[in-house]
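If you're matching them up, the sequences are chains A and B in order. Heads up, the first sequence is in this note's numbering, so the first residue is 1 and it goes up one at a time. Heads up, the second sequence is in this note's numbering, so the first residue is 1 and it goes up one at a time.
Derived from the structure by calculation, the hints contain no laboratory data. This structure is a prediction, so every number in the text was calculated from the model and none was measured. Some hints here could point you the wrong way.
With beta-carbon atoms standing in for the labels, derived distance ranges [claimed, not checked]:
#1 A:Arg104 with B:Glu196: 49 to 59 Å
#2 B:Ile21 with A:Lys168: 22 to 32 Å
#3 B:Ser80 with A:Gln116: 43 to 53 Å
#4 A:Tyr14 with B:Gly151: 48 to 58 Å
#5 A:Gln287 with B:Arg218: 51 to 61 Å
#6 B:Ala130 with A:Glu67: 52 to 62 Å
Each residue gets a CB set at the ideal place from its N, CA and C atoms; glycine is no exception.
The residues making up each chain are set out below.
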Amino acid sequence: MTAAIEFRDVSRVYGEVHAVDRVSLTVQAGEFFAMLGPSGSGKTTCLRLIAGFETPDTGSVLLNGREVTDEPPYARDVNTVFQDYALFPHMSVLENVAYGPRVRGQRKDDWRRRAQEMLELVQLGNFGERRPSQLSGGQRQRVSLARALINQPRVLLLDEPLGALDLKLREEMQIELKNLQRRLGITFVFVTHDQGEALSMADRVAVFNRGRIEQLDTPRTLYMRPATAFVARFVGSANVVTGELAQRLSGRADPFAVRAENIRLRAPAAAPDADTVSCIGDVADVQYHGAVSRWQVRLESGEVFAAAVADAGNNGDFRIGARVRLEWLRSDAVPLSSAESP
Amino acid sequence: MRAVSTFLYRRPAVYVLMLLIPPLLWFGTVYLGSLFTLLAQSFYAIDEFTAKVVYQPTLATYEQVVTQPANVDIIMRTLSMAVAVTIACGLIALPIANYMVRYASPRARAFFYVGVMLPMWMSYLVKVYAWRLILAKQGILSWLLDTVGLGAALEALLRLPGVGGPSLSASYLGMFIVFVYMWLPFMILPLAAALEKVPESLLQASADLGARPVQTFRRVTLPLALPGLAAGSVFTFSLTLGDYIIPSVVGAPGYFIGMMVYQQQGTAGNIPLAAAFSVVPIVLIMIYLTLAKRAGAFDAL
Chain A
1 MTAAIEFRDV SRVYGEVHAV DRVSLTVQAG EFFAMLGPSG SGKTTCLRLI
51 AGFETPDTGS VLLNGREVTD EPPYARDVNT VFQDYALFPH MSVLENVAYG
101 PRVRGQRKDD WRRRAQEMLE LVQLGNFGER RPSQLSGGQR QRVSLARALI
151 NQPRVLLLDE PLGALDLKLR EEMQIELKNL QRRLGITFVF VTHDQGEALS
201 MADRVAVFNR GRIEQLDTPR TLYMRPATAF VARFVGSANV VTGELAQRLS
251 GRADPFAVRA ENIRLRAPAA APDADTVSCI GDVADVQYHG AVSRWQVRLE
301 SGEVFAAAVA DAGNNGDFRI GARVRLEWLR SDAVPLSSAE SP
Chain B
1 MRAVSTFLYR RPAVYVLMLL IPPLLWFGTV YLGSLFTLLA QSFYAIDEFT
51 AKVVYQPTLA TYEQVVTQPA NVDIIMRTLS MAVAVTIACG LIALPIANYM
101 VRYASPRARA FFYVGVMLPM WMSYLVKVYA WRLILAKQGI LSWLLDTVGL
151 GAALEALLRL PGVGGPSLSA SYLGMFIVFV YMWLPFMILP LAAALEKVPE
201 SLLQASADLG ARPVQTFRRV TLPLALPGLA AGSVFTFSLT LGDYIIPSVV
251 GAPGYFIGMM VYQQQGTAGN IPLAAAFSVV PIVLIMIYLT LAKRAGAFDA
301 L
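Working from the sequences, and respecting the hints, build out all of it.
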């Protein structure tokens, strides 16, 4: 089976900035693939390289095993859902959806019927005659999806498609997108800066940082076994321990990560359990998040640890400034390959 | 002082009225007042023998404008020129504005904006007379064409009936060139403003969905530029209809509406006829706007 998308040593440079720096990756057909990273990490540029809005300075891009590096967007078998939806304001919703078949010269009866079917698919069957400006954000999103899917592309690109929606709608759309992808069997490539979105929807996630892929793995592996300090912080918001402190706590200078929810808070005088690592610090801040409370604890050496504790009430007696003992299982410390992080 | 402020804050209508009364007085009396005086004048007629205005409402002057062959000629001549100039300005301005907005680097864009506006800061008369020299029989344009071996082509062009003449500066073709030069900025600027409002992502979406550049231009760029094109064409159309300096300095001897107004209210002293003639462009532009609206030029607004 050929890969849906393949990057071979692709670079894209703007002046001095390496937006994409010698990236190689392979996306399998039918995969839900997420590109995750902070803004400016190169994930959107990668998406634009697949769509054809950008041309790489070096390296090559392959779609379904065919080299498309220098092909314009209109010759590529991919379609895009844009971040701002990019609906044509001078056309009705139906005409927007029918745009692909129309420019390909389909007959009016055919494109009208096809577009209507696509609108039904995204549950907007009665909205065909409206203008995009008369729709809500969520509805525009669906129109944009229908318009991209009508050409039956083998790959669908989604550029932060849920960014502009409110929380509840975003969660609904996450489920809907995932169902749609399963039903259609199309390869989805999804760009996001929201790690929760990437973890919950994708089969595999590529974590981008400064134009490179830091780690490419399944969501579970990314979360449980981050390879680098950046991934540990960005994906799991974990505590990264390096240098002298790592030496003191684990006996070796190699960096490691401990996720906030694996840290327990105990009274400073309590005896440490077997197979645990612990250290003493002062509570600097507590934030209540409902299911958990997030504690910031400052060690004597100055490092700040985050601990996410299920709010059972038994930690309520630690106030800001109180002295506490942080404790975690030795097996919860994940060794990292590199300690550097921006 | 405080009480006055509070009073005005609570009654925004009074506040707005106070701000608006001076400009409204000016607008009402000087601007609309003179316009209606003009309109009123056109419903009078002049006594053939005494050459005095008879203050009796009549449609005789309008009848004279639309029935006398010489007057109809003037209107048709002006209208054809305005249409030709508008089409030419649109055809030239669209690629320029599109380039300025979409492709030019920031430096090149600034250069183009200054280049487009610079002529507007110079004296209108100087530009017209400069063009007369450029287009003259022994002017630099004919010299240039002779030098590159196109003198014969110019001769052939000038022999064409209707547009030709003894030289470019004494032909409708020359007048057309000057008109297009003069009004081009009025077409480029609104077009550029309209195109600047079109997000890049719309053009990318079009290409993404399979449209080749020509299709993207026809289906996305052009419809969204239409309001700008309509605004610009109202400028080029109305400015050509009303101008009297260019036709009197450059071009063939035939009269234009503006020249007729100028002559009738001046030397001829026939104010009602001048007024009726100046209503013609207003009516033509109203017809033009109605047609543009029917064609959907303002739908994307």
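Of all the hints given earlier, name the ones this structure violates by number, lowest first.
1, 2
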